[in-house]
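A.B. asks: What follows is the residue order along each chain.
There are 2 protein chains.
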Amino acid sequence: MPNLTLITYDWVPPPPRGYVRDLRVRWALEEAGLPYRVASTPFDDRGPAHLAHQPFGQVPWLTDGDISIFESGAILLHLGGLSDRLLPSDPRGRAEATEWVFGALNSVEMASLPWTMSKFMKHPSDTAAWKFVDDFLKLRLMRLEPVLAAREWLAGTFSVADILMADVLRVADGFDGLADSPACRAYVARATGRPAFAKAHADQMAHFAAADKARGM
Amino acid sequence: MPNLTLITYDWVPPPPRGYVRDLRVRWALEEAGLPYRVASTPFDDRGPAHLAHQPFGQVPWLTDGDISIFESGAILLHLGGLSDRLLPSDPRGRAEATEWVFGALNSVEMASLPWTMSKFMKHPSDTAAWKFVDDFLKLRLMRLEPVLAAREWLAGTFSVADILMADVLRVADGFDGLADSPACRAYVARATGRPAFAKAHADQMAHFAAADKARGM
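Protein sequence lines correspond, in order, to chains Z and S. Our numbering numbers the first residue of the first sequence as 1 and each following residue consecutively. Our numbering numbers the first residue of the second sequence as 1 and each following residue consecutively.
Extracted from the complex, chain Z is given alone in its bound form:
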């Protein structure tokens, strides 16, 4: 049996709650039915002990026995090797899920993260910089829309690729970025309607709410 521990922050301020990336890992673990523990690292002090596991000073990381892995994409591929509920075991299905793992992160999130950060920080929208950011996301969604209109899940059956793509898209959706992409919106609703997402989301919210209490907030 794998010996899995997910490490996330001990606390975060309210805005990112429900979106901290440990959610991707919780979601995958719940889908697979794999047993795991959750441990915390200080949000306020990202010292050498943190950087030894996650050199960019972020979360999450996962330990599997004496192996420690950072980057949600790498963690989900590792978990995919432990359960065919997360990654098809045949070579063709595995390649298809893997390409969409990168598609979610390096093609779609590459465009959606600057877009959602610009929205969150209320950058002016009459600039060349905003037009580039907005056009970039629109181009990706234009290509993704027919893909998601034609299939239920990216690699045929549900996989870690869907966890990543849905988690990326729901952030843009929260800023109304999917208004012209009905198939993308339906896909986000389909994915986040799964019981494992609900459990992962509730567990993350409870984790940070408990941290408020510990801080006397």
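FYI, nobody ran anything at the bench for these hints, they're computed from the structure. Check before you lean on any hint, since a few could be wrong.
Because identical chains cannot be distinguished in the list, a pair is counted as satisfied if it fits within a single copy or across any two copies.
[Said to hold, decoys possible] Computed list of lysine-lysine pairs in DSS-like fashion (alpha-carbon distance at most 27 Å, straight line):
| # | residue 1 | residue 2 |
| --- | --- | --- |
| 1 | K131 | K119 |
| 2 | K213 | K131 |
| 3 | K213 | K119 |
| 4 | K122 | K138 |
| 5 | K138 | K119 |
| 6 | K131 | K199 |
| 7 | K213 | K199 |
| 8 | K213 | K122 |
Add chain S to chain Z, keeping to what the hints say.
C.D. replies: What follows is chain S alone, placed relative to chain Z:
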């Protein structure tokens, strides 16, 4: 033996030459000494035949027999499964290389691509949008610098993670983005000084130069 074909554009205008992402795949194939063919897809017409292999209308993709894979990260992990010159075969080394594959693409390129595109398009630098983009890259480089100062290659031995990280960093380096990151600059020089990079780069330049001739340019 694997039956590998790398597909790239038949032609691109001069500015991206030397940076088209088929270079990452050529580099990996040359490092591994794997035999491969190169085929072309029209740059000017990205129709259904292209989108069936690469749904975002980009390049490269790789075919391995009847398996077709897009996203340079997914392609390099696939090639890593064919050669331990590209990916360590022990679980711990494999996990370490894989997390740095995602680190290169989803942590560093996520920050460097908006930065280099803003530089390339000469967006004004007195805006909140530019400050966000510039601070984002600086934060990532600040964390990466001690990592690369302390080791020759990301996963101990050279791996696909280094191909991706070096290819990401050299674009920022071209716009003087590594001026305050001497270990990052030394790492780019170390990686791009490898014979397999030189071969991959020369082959890409020759491929597009031949296309100019075919077009009578």
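A.B. asks: So which hints don't hold here, by number, going up?
C.D. replies: 2, 3, 6, 8
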